[in-house]
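Undergrad: Chain by chain, the residues:
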Amino acid sequence: MFLGMMLTSYRIEKQNCLVLHLLSLPDILLPCACQVVLSLLLHGLLLRSMGEEEGLHQTPFLDTMFVRGLKRKCFDGEEDIEGTLAGIKAIPSYNLQRQSLLDMSLVKLQLCHMLVEPNLCRSVLIANTVRQIQEEMTQDGTWQMINTQSTGQASLDRLVSTDILCRSSRDQAEGKHVPAYGTFNKDFENDQAQDSSDTMSTASAVQAPRNLQSSVWEMENPQENKGNFQKSLDQIFETLENKSPNSVEDLFSEVDNSYYDLDTMLTGMMSNTKMGHCDSLETFSSSTNTASNSNCKSDLNDLDHIVEILVES
Amino acid sequence: MTPGFGSLMQDVLWCFSQVKGTIDAGVAESDIISTVEFNHTGELLATGDKGGRVVIFQREQESKNQPHRRGEYNVYSTFQSHEPEFDYLKSLEIEEKINKIRWLPQQNAAYFLLSTNDKTVKLWKVSERDKRPEGYNLKDEDGRLRDPSMITVLRVPVLRPMDLMVEATPRRVFANAHTYHINSISVNSDYETYMSADDLRINLWNFEITNQSFNIVDIKPANMEELTEVITAAEFHPHHCNTFVYSSSKGTIRLCDMRTAALCDRHAKFFEEPEDPSNRSFFSEIISSISDVKFSHSGRYIMTRDYLTVKVWDLNMENRPIETYQVHDYLRSKLCSLYENDCIFDKFECVWNGSDSVIMTGSYNNFFRMFDRNTKRDVTLEASRENSKPRAILKPRKVCVGGKRRKDEISVDSLDFSKKILHTAWHPSENIIAVAATNNLYIFQDKVN
Chain Z
1 MFLGMMLTSY
11 RIEKQNCLVL
21 HLLSLPDILL
31 PCACQVVLSL
41 LLHGLLLRSM
51 GEEEGLHQTP
61 FLDTMFVRGL
71 KRKCFDGEED
81 IEGTLAGIKA
91 IPSYNLQRQS
101 LLDMSLVKLQ
111 LCHMLVEPNL
121 CRSVLIANTV
131 RQIQEEMTQD
141 GTWQMINTQS
151 TGQASLDRLV
161 STDILCRSSR
171 DQAEGKHVPA
181 YGTFNKDFEN
191 DQAQDSSDTM
201 STASAVQAPR
211 NLQSSVWEME
221 NPQENKGNFQ
231 KSLDQIFETL
241 ENKSPNSVED
251 LFSEVDNSYY
261 DLDTMLTGMM
271 SNTKMGHCDS
281 LETFSSSTNT
291 ASNSNCKSDL
301 NDLDHIVEIL
311 VES
Chain C
1 MTPGFGSLMQ
11 DVLWCFSQVK
21 GTIDAGVAES
31 DIISTVEFNH
41 TGELLATGDK
51 GGRVVIFQRE
61 QESKNQPHRR
71 GEYNVYSTFQ
81 SHEPEFDYLK
91 SLEIEEKINK
101 IRWLPQQNAA
111 YFLLSTNDKT
121 VKLWKVSERD
131 KRPEGYNLKD
141 EDGRLRDPSM
151 ITVLRVPVLR
161 PMDLMVEATP
171 RRVFANAHTY
181 HINSISVNSD
191 YETYMSADDL
201 RINLWNFEIT
211 NQSFNIVDIK
221 PANMEELTEV
231 ITAAEFHPHH
241 CNTFVYSSSK
251 GTIRLCDMRT
261 AALCDRHAKF
271 FEEPEDPSNR
281 SFFSEIISSI
291 SDVKFSHSGR
301 YIMTRDYLTV
311 KVWDLNMENR
321 PIETYQVHDY
331 LRSKLCSLYE
341 NDCIFDKFEC
351 VWNGSDSVIM
361 TGSYNNFFRM
371 FDRNTKRDVT
381 LEASRENSKP
391 RAILKPRKVC
401 VGGKRRKDEI
411 SVDSLDFSKK
421 ILHTAWHPSE
431 NIIAVAATNN
441 LYIFQDKVN
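Protein chains in written order, with the UniProt record's numbering: chain Z, 1 to 313; chain C, 1 to 449.
No lab work stands behind these hints: they were computed from the structure.
Glycine included, C-beta positions come from ideal geometry on N, C-alpha and C.
Be aware that one or more of the hints could be misleading.
[Unchecked claim] Here are a few chain Z residues that face chain C, going by a calculated C-beta distance under 8 Å:
1) L101
2) V107
3) L125
[What the hints assert, rightly or not] Pairwise CB distance ranges, derived in the manner of DEER restraints:
4) C:L92 x Z:D140: 36 to 46 Å
5) C:D218 x Z:D103: 27 to 37 Å
6) C:K398 x Z:D140: 34 to 44 Å
7) C:N206 x Z:D140: 33 to 43 Å
8) C:H297 x Z:D140: 47 to 57 Å
9) C:I219 x Z:D140: 30 to 40 Å
10) C:Y330 x Z:D140: 22 to 32 Å
11) C:Q326 x Z:D103: 23 to 33 Å
12) C:E208 x Z:D103: 46 to 56 Å
13) C:E62 x Z:D103: 55 to 65 Å
14) Z:D140 x C:A262: 44 to 54 Å
15) Z:D140 x C:P274: 19 to 29 Å
[What the hints assert, rightly or not] Some residues of chain Z that are not near chain C, with every Cβ distance over 10 Å (derived):
16) P92
17) S93
18) N95
19) L96
20) M114
21) T138
22) Q139
23) D140
Please put together the full structure from these sequences, using the hints given.
TA: As structure tokens, this is what we get:
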């Protein structure tokens, strides 16, 4: 619990905006006994949303959630920039609204996930809304235009509005599902694997002329988006089902393994967070730092489990 | 008194009768009323609350010396129906909140009702006692056993009158049959069975048997990832014991016939209205999700409530409702914020009047709406303390939609979305309505000259 609180408070400082936004949702939070517990839950939840199996990008997820909110605000004032990019989106405000609706829905789904027994009707309706938005984003195909544009010209303008690029990558990532949408759920795993490699190559192609700083963001986003959307849906459905005895066993074995080395992990995690986007840098360069980063990854992974245990206990 | 059914809106002036519950500004969560139901004669009115309590009001006899006071409802019995529980297997708290109450038709001096929380249905017997036996041979007046050696004569016990006592006793507990949250219970017209519906399944019970039930509907997919639809409400036909309907989160209603198969996987009828493309938005599905379904007393029609409308369907026409009434269409432009603050998931209920000619349902800002099916007139009324003087006539309220706001109109932006009327009830034969507004129960009657 203490560990969790430490972690959480640290996160809260950093992610103040996001957490506050979440806290402002009234009804769902009633079951929570206190805000510490809530933020702890939230923390575990956001971490978990990035997925345990890959153990990738826990920090970037939070950061981009945060930054994206900021960027959206800036973006409003920069519509002419978008205009100069020659009709990237037909109706920017509509896309903006759709995006914020998607964000809101995902947050709601995550909060459903917090509860042992969420209101099923509500979660199903929200999940369907997310599906619907995803389907529309897939169908409107605007990502192609952006993609051609961004590879064609590498101007400073676009470094400013990385948001556009992030979105293009997102749309692109989702665009991959177009042919397979009917069998979306079934082929999800295969798609995902194929998808990530595709996105990766495109993204690095896009970034080539730019500096490291901006490419960090762009690298994160395709990952984050996929993680964000797919994981959240997966998780929601997981929670809807009863937990299998296996997973409980796993949980307990994790407790034994991880508790004796708490300090190491904690420091590892802290330094990692301060360093910033170590995983994404790794993904970007994809050759260096493999050893240290794999440590960092596994630490984060373990940490994730601990938080999960704390959350569930 | 003539109820004036038929052209009700023209003739009926609704006036305040009573309000129950505290006036305090702070509302305890446990006092919030979660269901309201008249019994079949209208003599009793039951409410359930989030604290698991059931309060039953009884209508007092009209007195000749106070003709203006028509039978008021006074507390008859209060009891704790459900307690908070803890499911140790799932590590889950089970709320005591009463989701629904249904009365059984009265068959003897006692009253029976079903009450349910998320998981467990209970059958309660409410009975009166105004006499008590006295003069037992083996025990004294306090119930202590008497020393046999002291008993020298035998006597016949007698019943002596005493103060009226109303007792509520749990007669049956129907537990452990629902994995998901129970949203509806409905007593069958055979009076021997009832059903309970949760998000994914409907079970059929016999009143006498608590350890088994029959699963009559199961829409749980083998893989929960494929789940896109849930059951939102279910009800038996008022006369045909083999027929029932259930509504879904996709805005459809299925009518099932239990004679065809034990598991009603296949519906007999499927009621669905094609979507209006002009009103399409991301919220289309959410607002079309049905929050309540009710058969008319005649059994000919079904009424459904979704977020913005209430619809009447003819059992003989499946492709569209015969009537659609807008409850608060001015909220259509506010759906995004209503989604953000979760109001869009509020479950409004709806009721018929005794002759099926008028329907009533709730809205926000303590407003509730009535629609006369014959005259097509509608009215918005408010349940408020402000005009809760005895016999005060309820003034129709108007919500201003854009443009200039007239003096007595309320602008959409000043509506209070925390004051919602989800639960209402209509007396089975008279113009008496009960309206639950948070922790207060309002009773309104028509004005008699």
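Undergrad: Now tell me, hint by hint, if it's right for this structure.
TA: Right, here's what the structure says about each hint:
no., hint, in the structure
1, L101, "holds (6 Å)"
2, V107, "violated (10 Å)"
3, L125, "holds (5 Å)"
4, C:L92 x Z:D140: 36 to 46 Å, "holds (41 Å)"
5, C:D218 x Z:D103: 27 to 37 Å, "holds (35 Å)"
6, C:K398 x Z:D140: 34 to 44 Å, "holds (41 Å)"
7, C:N206 x Z:D140: 33 to 43 Å, "violated (55 Å)"
8, C:H297 x Z:D140: 47 to 57 Å, "holds (49 Å)"
9, C:I219 x Z:D140: 30 to 40 Å, "holds (32 Å)"
10, C:Y330 x Z:D140: 22 to 32 Å, "holds (30 Å)"
11, C:Q326 x Z:D103: 23 to 33 Å, "holds (31 Å)"
12, C:E208 x Z:D103: 46 to 56 Å, "holds (53 Å)"
13, C:E62 x Z:D103: 55 to 65 Å, "holds (60 Å)"
14, Z:D140 x C:A262: 44 to 54 Å, "holds (47 Å)"
15, Z:D140 x C:P274: 19 to 29 Å, "holds (24 Å)"
16, P92, "holds (17 Å)"
17, S93, "holds (13 Å)"
18, N95, "holds (13 Å)"
19, L96, "holds (12 Å)"
20, M114, "holds (13 Å)"
21, T138, "holds (14 Å)"
22, Q139, "holds (14 Å)"
23, D140, "holds (13 Å)"
Against the hints set out earlier in the document, violations occur for numbers 2 and 7.
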